[in-house]
Structure formats: C-alpha cells, structure tokens
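Protein chains in written order, with my numbering: chain E, 11 to 374; chain Z, 332 to 656; chain R, 185 to 566.
Be aware that one or more of the hints could be misleading.
Covered stretches of chain E (chain R as the covering partner; in silico rule of three or more C-beta atoms under 8 angstroms from a C-beta of chain R) [stated by the list, open to error]:
| hint | segment |
| --- | --- |
| 1 | 188-200 |
| 2 | 219-227 |
Below 16 angstroms or equal to it, Euclidean Cα-Cα: the simulated EDC-like pairs (lysine to aspartate or glutamate) are [unchecked claim]:
| hint | chain 1 | residue 1 | chain 2 | residue 2 |
| --- | --- | --- | --- | --- |
| 3 | E | Lys-209 | R | Asp-471 |
| 4 | Z | Lys-560 | R | Asp-288 |
| 5 | R | Lys-213 | R | Asp-238 |
| 6 | E | Lys-209 | E | Glu-45 |
| 7 | R | Lys-336 | R | Glu-315 |
| 8 | E | Lys-209 | R | Glu-470 |
| 9 | E | Lys-209 | E | Glu-191 |
| 10 | E | Lys-209 | E | Asp-234 |
Pair ranges (Cβ atoms, derived) [stated by the list, open to error]:
| hint | chain 1 | residue 1 | chain 2 | residue 2 | range |
| --- | --- | --- | --- | --- | --- |
| 11 | R | His-357 | E | Asp-83 | 42 to 48 angstroms |
| 12 | E | Asp-91 | R | Thr-540 | 44 to 50 angstroms |
| 13 | E | Glu-137 | R | Val-228 | 37 to 43 angstroms |
| 14 | E | Glu-137 | R | Ser-387 | 44 to 50 angstroms |
| 15 | Z | Arg-369 | E | Arg-183 | 49 to 55 angstroms |
| 16 | Z | Phe-368 | E | Asp-83 | 49 to 55 angstroms |
| 17 | R | Arg-331 | Z | Arg-369 | 42 to 48 angstroms |
| 18 | R | Gln-502 | Z | Lys-560 | 52 to 58 angstroms |
| 19 | R | Arg-220 | E | Leu-111 | 21 to 27 angstroms |
| 20 | R | His-357 | Z | Gly-487 | 34 to 40 angstroms |
| 21 | R | His-537 | E | Asp-91 | 51 to 57 angstroms |
Derived from the structure by calculation, the hints contain no laboratory data. Backbone N, C-alpha and C fix where the C-beta goes; we use that ideal spot for every residue, glycine too.
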Amino acid sequence: MALLEVEELSVTFRQRGRRTVRAVDGVSFSVDAGEVVGLVGESGCGKSVTSLAIMGLLPRQAGVTVEGRADFDGTDLLRVDRRTMRDIRGRDIAMIFQDPLSSLNPVLPIGRQVTEVLARHRGLSGEAARREAAELLDRVGIPDPTRRLREYPHQLSGGMRQRALIAIAVACRPRLLIADEPTTALDVTIQAQILELLKELVRDSGTALIMITHDLGVVAGMCDTVNVLYAGRVVETARRRPLFTEPRHPYTVGLLNSIPRLDGGRGERLSPIPGSVRDVLPWADGCAFAPRCSRQVPSCVGGPPALVLTHTDRSYRCVNPVPPAAGPATPADSGTAPAPTAGGSAAGETRTTAVPAAREEESA
Amino acid sequence: MSMTERARRKAEKLDRLGELAAARDDERGVSLWQEAFRRLRRNPAAIVGAVILGIFLVVAVLGPFFVPYGPTDTIGIREGLVKSGQGIIPGPSADHWLGFDHQGRDEFSRLVVGARQTLLVGVVSTLIGLAVGAVIGGVAGAAAGLGGRWGRWVDGILMRVIDMMLALPSLLLAVSIAALLGAGLDTVMIAVGLVSVPVFARLLRGSMIAQSSSDYVLAAISLGVRRSKVALSHVLPNSLAPVIVQATLTLATAIIEAAALSFLGLGNPDTAVPEWGVMLADAQPYLGIRPALAIYPAVAIIVTALGFTLLGEAMREALDPKLRK
Amino acid sequence: MTREAAVTDGAATAVPVRGDSLVEVRDLKVHFPITRGILFDRVVGHVKAVDGVDLTIPRGRTYGLVGESGCGKSTLGRAILRLTRPTSGTVVFDGIELTGLPADRMRAMRRRMQMIFQDPMSSLDPRQNVESILIEGLQAHGIGADRAARRKLITRTLDAVGLPTWALSRYPHEFSGGQRQRIGIARALVLGPDLIVADEPVSALDVSVQAQVINLLDELQEELGLTYLVIAHDLAVVRHISDVVGVMYLGTLVEEAPSDRLYSQPLHPYTRALMSAVPVPDPDVEDRRERILLAGDLPSPANPPTGCRFHTRCPWAQPTRCPDERPELRTIGASRVACHWAERIASGELRRHEVTAQLVRPEDAGDTPGTLATPSEPGSFV
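So here's chain E without its partners, still in its complex pose:
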C-alpha cells in the first residue's frame, strides 16, 4: 500500500482585484515507502504549491481553497486539525527547502535549531539532545560537528547550510521527506554532494523522498518514479527508465529535446517548445499544453484529456500521444570517446528521429 496517496489535489488562490489562480488543478500521485518520487515541471506548474498543500503550510485564510485528498498512512492530511498536523510535520513528514539561508533562523545557533526538533518530537533534552544533534550533523557530512552546533547559519557556506537543513529534516527519522528544489541555489559540485547525501539517507533509512525539481538530469539520477507536471496537473507518470527512453506525452518529449546535454555535440540545434508557460489553456477547455503542442489535433480542445493508463506504473494525459518507438532524440555520438572519468555518452545508440521533425524551433 502506498505511503502517501494524493488524489485530485487542487489549490485555488482567490484575491480581491486579481485574477483567480488555480495553481494546482487536480494532481494525483502516490509514493510508496522507501521510494523516491520526482515531481518535475517548469515554473508555475504547481509543484511547490503541491508540496506546501501536503505539508499544510499554505496560509489558512479566505481565498485559499484546497480540495482533494492526501492520504498519508490512513490520515487525510488535508482534513486533520492543526495540532495533529504539527505532530505529523517534522516527525513523520519533513521538508527541505530551496533556500537554506531563509529556512534557518538567523538568530539561533544551528545546534538549538536541531535540538528543538529533537525535543519536540523525540523528547530528548540536555546532553542527550546535543549528542544526538552532533551525530546528525556528522551524518550529513558537516566537519567538526560539536563546534558547528554553537555557530549561526550565516557562518556556514551555502552547501553546509543545506546539510544543516537536511540534518534538521531527518532528525526524527521521518517516513517521508519532501525536498523542494534542494540544490537549485547551489553550485554543480555542491549539488552533486547534496544529491549523493540524499541518496545515501534514503538508502540507509528507508525514508521515502519526494523530489521536486525542474532539472530532468537530477531526476534521471535519483528518482524511481517520475511525475511530469504542467499547468497544475500531472501529464505523465512513469518509472524512471521508461520515461526517458519512451516518453509518451508531447510535453515530456519537448522538455527532453530542449535541454542541451553535456554529452551532446557542439552546435546541434535544440528543439525548443514554442511559446512560454504563460500560453496555457484552462484544463476545463481542453489540454493546457495544446497551444504549444506540435501534435495538436482537434480533439485536444473541448474538455480535459482523460488519463490513459498503458500498463502499471505508466500513465499520461494526452489524446494524441507520441508513439512508443519515437523517444527523444538521443544526441548523436559525435565521434568522441567517452571521457575517462566523467562517464560516457550513450555511445552506440543510434539517433531516433520522428518527433523533432514535427517541432521546429520558434526562434527566428
């Protein structure tokens, strides 16, 4: 049984004098225990709002409406009272944010912020809490942890702050960890360290992880299952490998084709998706992606496309999906031998076409 089952989650922001925004528009996905699930999408696709809704961190005020269900181990997270939610938060579900500096309290030492969580959820105090906190910092790879406990967030570098934040998040051995763009603010080499750390934590502790990111590269290296979001709805769900080798939704294909790859050759034209994420159709009127889609057919407009389930673990929301044989164009092997240390390109694979021919770049 799934650890977290999100069904038809919708979040609407209504504000006087502004257009009503349906930030999340019927998102459904599930997370099994110990599984790494990716929520991928561009800005405005609702991935962050989804996580905030699950954590009950959206402002409880008029104008913010949350609908649907988020079933966590038998409890509907969207229906529980604040008290219960506070208990669940931190103990059962923890969250890691993009910007570690603003997520840490600047006027409290790191140690206090770790022991606070230990005291609240695990009842540890005094020396025991401090020892445990030092152990946690050590576990996330912060050098000289006992000294670090007395230091303040601004005294640590960005990477170390993110490690401290992760230490706080895993302090109570939560069953579910939600990481919202945890490495976007960091440099690549530091990103690699943090991703490695997250992988290790998940592997060792059996914590399930929801990885929210815009970077398909990060997804390719980490996630077991991937949900691609567009305009507040999941448009494709697949296991990691099938998603990359056999993407079915035109948006997924478009994303994969528009990223320059490290192992691609110089000067190969990319195949971008025309327009911008602003050019959407409301889901009620049809597929939100239709205005930008190269495989658009008349039946795209008129009503929301139904979810198509191919076989287990695979679903997409499209009336004219990309045929399974025509995956994204793998970069042509530009005659370069795989780098000795840095891993190789997908050498030997032939270039599959079909899709890119249909989408031409919008730029002049």
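Once you've looked at the hints, dock chains Z and R against the given chain E.
Just chains Z and R now, with coordinates in the frame of chain E:
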C-alpha cells in the same frame, strides 16, 4: 536552406507568436504608473483618502466664496451675543452652525476659510522640503551610485550635513529657524519644509544608490549612454516612487507641524487670518468654557492628515515593486 | 557586417593563432578592496575576483567561460567590457587597447561590444517601453539619421530576434521571461556590435524556453558573424554553444580547450570533477558514470590557497609542487591546462585519493564591493 524557405518559416513563426499573444494584442502597452493607478483605484483606503482630500480641496478653493459670514467679522460681539470676558461664547445655532469663537467671529466660516491657509502651508512647506531634499539626495545618490571614488567623497560630505540636520530634534530645529527669521507664515513654511529635508534627501539617495547597482543601469552604461544621462533618465525616475509616497505622508505631518508652530506663537502674528493651528492656539484659554472651539480645528486637522496618510499608504502599496507581478 | 571567413568552418579547431582574434586578454587582474571602519575606510585586504587571466577570443566564434559562483567569471566579463575597472593587465579589442582608453573614446567603442544579462527583468528599465529601450543606444551613438531611419532599424532588429512589431509600445513587465530576454538581445544587437558578452543568458529562463534563446543566439551568430563570450555556470549549455571553453576556478583559468575536446579529454582535475557533477537527463548515463565528488566548499577569493588554487580540494593533489608552486597554463595537445601533473593524471599514473573537507567561512569573502546603505526609515515629526 533557401531564402524564401527561411522567410516563409519566419513568417509562420511570427504568426504563431502573434496568435499566442493575440489576447494581449488589442490594447496598448500599460506603463508601470498606469498599472499602479489601476491598483490604487481598487484600494478602498485610497478611495476614502482621495474623497477626504477632494472635499478638503474643494473647501479650500471654493469655500471662501460661499461662507455665510466674513472670517474676520466680529459679528458675535457686535450683536452682543459673545462676551468672552464673562465666559459667554454661544454654541451652534441655526444662524451660526458651529457657534462663535472668543472674538465673536463665526466659527464655521473661519474653519472653511482656514482650510485654504492650512492647505497652502502644507503644500508649500512640503514642496520646500521636497525640492531641497531631492536636490541634495539626488546629487548625493547619483554621485555615490555612478560617480566612482570622487562621487563617494561628494556623497560623504552631503550626507554628513544631512546627518547633522537629522541629529537635531525636529521641533527644536523648526523653533530655531522661526526664531531666526522672525514669526510669520513664511517662517512656518520654511521651518516645516527644512525639517523634512533630511527625510527626502536620505530617501532619494538610498533609493538611487539601490537602483544604480541594478542591471538595467549597467546595461545602459554598456550601451554607451553617458553617466549623467543614465542618472537622469534611468536612475532618477525609478527612484521617485518612495519619495512621492513620502511627500504625501509628509503633507499630513506638515499640516500638524504648522499647526504646532502656530500654536506655539511662531505663526502668522496677524491672527485675524484664520488658520487651523492658530484657531487651536486661540481656543486654548477657553478650553474650560467651550472645548468645542479646540475640537473643531483639531478634528479638521486630523481628518485631513488622515486623508493624506491613507492615500500615501495606498500609493506606497500600489508602487511597491515587491507587490508587482 | 560580413565576417563569414571565420565562421564557415563548422568543425571546432584549436585555439586560433594571433591575427584572427577579436579580443585578447593578457594577465588581467581585478582586485576589490575590502574596507572596514566607520569614519575612515581602511583597506584590510583584497578579494581577488580575477587574478591573472590570459585568453583570446577568436573572431566570429563563441568562447564559453564556465565556473562556479565566486570564480570570477562575471567579473572577468565585465572587466573585458570595462564595466569594472581592471586592477592590472590589458584587454585588446580588435587591435585597440581598451584599458588605457579615455572615457569618451571608450564610450564610443561600446557600440561594438555589447552585453546580454542574466535576469531579463532586472536588466530592462521597467519604465521604458521596448521602443525607447531599443532607441536609447542608437541615440547615444548618433546612429540613424532621423526617427524614421531609427524606427526601421529597430523593426528589423525586432524581427531578427523573433518579436512582433506591436511589441514596440509595450513595457517589459508585459512579456514572458523568454520574450524579455529577446528584448535584451535586440537591445544589444541594434547597435551592430562585433562582440556580445552574454552573462548567464539562459539561466533565469524556464527549461523549455532556454532552448529557444540558445537557438536564437546560434542563428544570429550564423547570420551576422557575431563573436560571443558566453559566461555560464551550466557546463552543458556552455559546451553546447561554444567553440572554445575556458574553465575558471577562484579567479584563474585552469583549463581551456575546444568544446568537444574538453568533454572527451578533460585534463584538469577540476574540469573532471565539474563534468562529472553535471546531471545528464539519461538514466543509463547517470547510473554508469563515475562521480568525482569534491570535498568541502570553494575557498574564499579573499584568501586563496597558495600554490595551485585547487590543491585543497583536488583528489589528485601531490605533496610536492601543488601546495607551493602556482601552475602556469601549459599547452597540451589542443588544450591549455594549469596543472603540474596533467599528463601523469591523464595517463592514469597518478590515482585519486581521499580529501578531507576543510570548512570555509562565508564571511572571509569580505563585504561585496560597494556595499550600499539601505535608506533609513523616515522618522516622524513632533
């Protein structure tokens, strides 16, 4: 790829772009000021503020032509209704809506005529503060933001001067200026204006320095635009919003301050010309007999100041870049 | 503007010899003073943002500059355009030395060297509509006889970057991120420059829009023979659009190589680590590749390590030479690399070893140059 082929493709792309943006095509561009004004119109606080100020403005401009009695006409004494020496100052009646003041003048007429004077003091003193402050702040901000080492030196000197002005308690500063120039309406306006100079100067300078480090300023410099032109056409216009908001808020305090100075006897020595601050001061000895005489001008001052403050705060909200989408 | 001569050949060649280069940078240094004190500013040290960089940008080509935040790549780009004054060293642009140029001649030179910024929103004046954004540069340089001539030039440029003419009366906030970046490109392009320095041109954009802008830059180069200096942290993007890539670490160039070669044969240990850290959207590659995880953080540029700047984090660092002798850029094959042991690392003679992380204090970096006082909250009166 042939030329015609390329041209055709380009035309198609443009069409598509046009289609995507079709919904936004039928209107002209909306500048930030227009957008801020739209936001302002939707804010109830702004509307209340604007209505108050509108009434105030109409009264100040047209009021004197329609008042039932002359503001200096001691009609109450002439008709024997007012004997302030004996503590007889009649209250509101059908003929005199707010009663008389201690010299037997019609209180309502004085209040209405006083609005003009009060508005004049508020606006002129704010303009004095704004003009002097904006010049100092603008020079300092441009020098510090774009002027290099020499500019920072200029900025340093100007700001020390401003710091000295800030260090003095504002009322004390106003009193000393008034003492220096002698009592009078001009004095009040200059004093109140000078007191607000440091606020405007610091605000504009800080805002300009912040704007100077933004990318579009660097972009203009890298285009080859002269630094003096960059300062005038990019940095200054983008730094004005907080200053304008501050001016609105300062208007409110300027009215109160002018009233305070008049109350202290530094205002127009000719008390025959009604001004709310002077009226408030005049009412002081008669607080025990007829407190209403103090309450009328006080309420007028408070409501007007409130109008400016409401509008100012609403403008701050409307112009705040953080609230921009 | 015909400079096809240098462009026609599609294959990346080695760093070209002198003569067909547009920009030559020699031993460029940019040091920012760190000052302390309330009344009198006292210089307590320097942030060595750029510390001795040599590079040559071939005409009609793209030079990619890659490195992590704080490596000085943006400062280098601005110093080349003289938007930041270099501490020492020379920049020669098309035979003219820029470093000693008087201000008014420099201003005139700016027509030929333009910049594209990272954040298209903050680099456009929110109060200018597109027409006035584009016309400003023309006016500054007196290009175009009258309004009509300028208007024609502007419309043509708009068309070249794929924006419709009705955009002219619009304001930046009315466009999407990708369209705004097109406006930024048009602003640079309208002056007919030879060199365009693009500082993180796509990193603020959505993934699907990044490709549009990258393709646009490619097409414009093809049509107009532009020379680019592309500065970015994303190695995949830089490698995609550059002919030659320079890798920077702590203010110095550690490796420079033709784009393909940098990927197939990275010589500097830092390049290898950087390359292995970039995620590739392909599970097969991700599962197979070997990660070189660097220990710790970037040292402070105010107090860089002695010898080789990278030796504190280098998995191949040797006890000799690395800690005390600063490596020069040496030519090995088609690459230039600043590593004492590059050949022996490439041959596999030297093996990787564990490195213990050293803690880096962010405050060591000192204040950013030109820190600004925030405006004080206006006090009230009476």
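Hints, verified against the model:
no.	hint	verdict
1	188-200	holds (count 4)
2	219-227	holds (count 4)
3	E:Lys-209 to R:Asp-471	13 angstroms, holds
4	Z:Lys-560 to R:Asp-288	14 angstroms, holds
5	R:Lys-213 to R:Asp-238	10 angstroms, holds
6	E:Lys-209 to E:Glu-45	11 angstroms, holds
7	R:Lys-336 to R:Glu-315	11 angstroms, holds
8	E:Lys-209 to R:Glu-470	13 angstroms, holds
9	E:Lys-209 to E:Glu-191	15 angstroms, holds
10	E:Lys-209 to E:Asp-234	11 angstroms, holds
11	R:His-357 to E:Asp-83: 42 to 48 angstroms	45 angstroms, holds
12	E:Asp-91 to R:Thr-540: 44 to 50 angstroms	48 angstroms, holds
13	E:Glu-137 to R:Val-228: 37 to 43 angstroms	40 angstroms, holds
14	E:Glu-137 to R:Ser-387: 44 to 50 angstroms	46 angstroms, holds
15	Z:Arg-369 to E:Arg-183: 49 to 55 angstroms	52 angstroms, holds
16	Z:Phe-368 to E:Asp-83: 49 to 55 angstroms	52 angstroms, holds
17	R:Arg-331 to Z:Arg-369: 42 to 48 angstroms	30 angstroms, violated
18	R:Gln-502 to Z:Lys-560: 52 to 58 angstroms	56 angstroms, holds
19	R:Arg-220 to E:Leu-111: 21 to 27 angstroms	23 angstroms, holds
20	R:His-357 to Z:Gly-487: 34 to 40 angstroms	36 angstroms, holds
21	R:His-537 to E:Asp-91: 51 to 57 angstroms	55 angstroms, holds
Checked against the numbered hints given earlier, the structure breaks only hint 17 and satisfies all the rest.
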